[in-house]
Amino acid sequence: MLRRSEILETIKMIDEQHLDIRTITMGISLLDCVDRDVDAFCDRVYEKITRLAGNLVQTGDEIARTYGIPIINKRVSVTPIALVTPGYSVEDMVKVAKTLEKAAIACGINFIGGYSALVHKAATPSDINLIQSLPVALKETSRVCSSINVATTKAGINLDAIDLMGKIIRECAEATAEEDSIGCAKLVVFANVPEDNPFMAGAFHGVGEGDCVINVGVSGPGVVSSAIRKHPDANITEVADIVKKTAFKITRMGQMVANEACKRLNVPFGIVDLSLAPTPAVGDSVAHILEEMGLERCGTHGTTACLALLNDAVNKGGTMASSHVGGLSGAFIPVSEDAGMIEAAQLGTLTLDKLEAMTAVCSVGLDMIAIPGDTPASTISAIIADEISIGVINNKTTAVRVIPAIGKDVGDSVAFGGLLGEAPIMPIHRESSEKFISRGGRIPAPIHSLRN
Amino acid sequence: MKAVISVIGKDKVGIIARISKICAENNVNINDITQKVLHDTFTMIMWVEMEASEKDFTTIAKELEAAGEEMGLIIHVMHEDVFDSMHRI
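Chains as they are written, first to last, in numbering that gives the first Met the number 0: chain A, 0 to 451; chain B, 0 to 88.
Next up, chain A with everything else stripped away, as it sits in the complex (with noise of 0.2 angstroms):
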């Protein structure tokens, strides 16, 4: 028999600390669509899209009546668009990303994933020409998510893609400039990109997975925090088991959501992704849990090491509690979506090289971070190359999401409304990197690559 702190500690966590289900996104293969004609493909993507998600959302809604926790978002994603494109001008891009955004309003979701293309080694047509839509695209459609996945660990880093996409993500801001260059926000890239991340906007259906499956995102940053309060006196060692135990609760709770939704949607099971994703919502900071660990303010010294250890006690709580762990699983670091980043970072506390830093020992990498709106093409893709660079070093999943906010500087903010929140614009270097990213080529794979 339960017991009555137990349930009335759930309660708490669902009613004062933020709990809940962040994502059920459901991934759809593409590559039983491929024709050709690019009409007949978008008749085919849209019939299969509406039809297997078609119930999504309805069924998310009701599972979140039933167990009375809140379910967020209900998402889809989609087999890279590059991969399914043959021969396709730009032009059919944007036409595919028009209906894989009708396909979605159709369905009620708000984002689907998996406009992407991935360039590692090197980029084929239907890669570059996806890649030169994504201005338009993402301009023309609300809902389209993009990524690029641009090295791995065993392929090396394209360092010609790296350079295009500081480019395209110039233009895309400059494209969105009238809403906050907002295109940037639906736009990721990725060095060693995960193929069953249930997580906008980086999500798409990898490969490798079957015809459809159910990948959930749990998330919870304010029960951890509230948990960590809890014990002001405890030592580090006792925090990491209280961060280890809460990500267990949680996740068993993600668990649960995700085995209900496979059945009721009669779709096997993915993941379940062990992120702790922050909203702007006050109480729902990643931030918050590192300074409730004990740092005045977040991107202080000691910022890397508080993180590191809420990264790893949330991943081996999370695995025990999830029959198969996957996506990003960590803990995420978007500035405008964090109320403590956000504050970090307008007191200058929390800075670009800071962020850098930290995401060597967390997933995703420089999230939602808005930079001065004359950034140069180079400088942009010279950020993502160190950030990718950290990601193939270190074996794992590295991204990066930045705003060149057109017309603005430091001291200025751009604001997304909603899940995206709002970002103040961070000084970066002025000095130029253009030569090192002119040279172009591929950064060879690191020596550990070689492990058979």
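Careful, some of the hints might be misleading.
[To be verified] Each pair of labels, with its calculated beta carbon distance range:
id	chain 1	residue 1	chain 2	residue 2	range
1	A	D232	B	D10	47 to 53 angstroms
2	B	D39	A	G417	37 to 43 angstroms
3	A	G207	B	K9	53 to 59 angstroms
4	A	G416	B	I15	42 to 48 angstroms
5	B	L37	A	D352	47 to 53 angstroms
6	A	T123	B	K54	39 to 45 angstroms
7	A	G293	B	D39	33 to 39 angstroms
8	A	N394	B	E53	25 to 31 angstroms
No lab work stands behind these hints, which were simulated from the structure alone.
Glycine included, each C-beta is placed from N, C-alpha and C at the ideal position.
Given the coordinates of chain A, assemble chain B onto it according to the supplied hints.
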């Protein structure tokens, strides 16, 4: 289906009567109750079986929550599995 009804709020006369009445009217059987008043705050947890009810879970949950709002109480109705999955291996 087994559910847990939790009631939290300022103590007053008739809380259990009102909740139990709604359960009885809907053919929801009460398996167990634990209740406490601490510093004027009323907390009750009720384990119920909803299998025999003609109404669906959402309808009953909404009725209970509406009664809670009227009485100035926070009432949650949740599937028991939520708590089991979180607190039992």
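To see whether the hints hold, each was checked on the structure:
no.	hint	in the structure
1	A:D232 - B:D10: 47 to 53 angstroms	violated, 34 angstroms
2	B:D39 - A:G417: 37 to 43 angstroms	holds, 39 angstroms
3	A:G207 - B:K9: 53 to 59 angstroms	holds, 56 angstroms
4	A:G416 - B:I15: 42 to 48 angstroms	holds, 44 angstroms
5	B:L37 - A:D352: 47 to 53 angstroms	holds, 50 angstroms
6	A:T123 - B:K54: 39 to 45 angstroms	violated, 57 angstroms
7	A:G293 - B:D39: 33 to 39 angstroms	holds, 36 angstroms
8	A:N394 - B:E53: 25 to 31 angstroms	violated, 57 angstroms
Violated hints, listed in ascending order, are 1, 6 and 8; each of the other numbered hints is respected by the structure.
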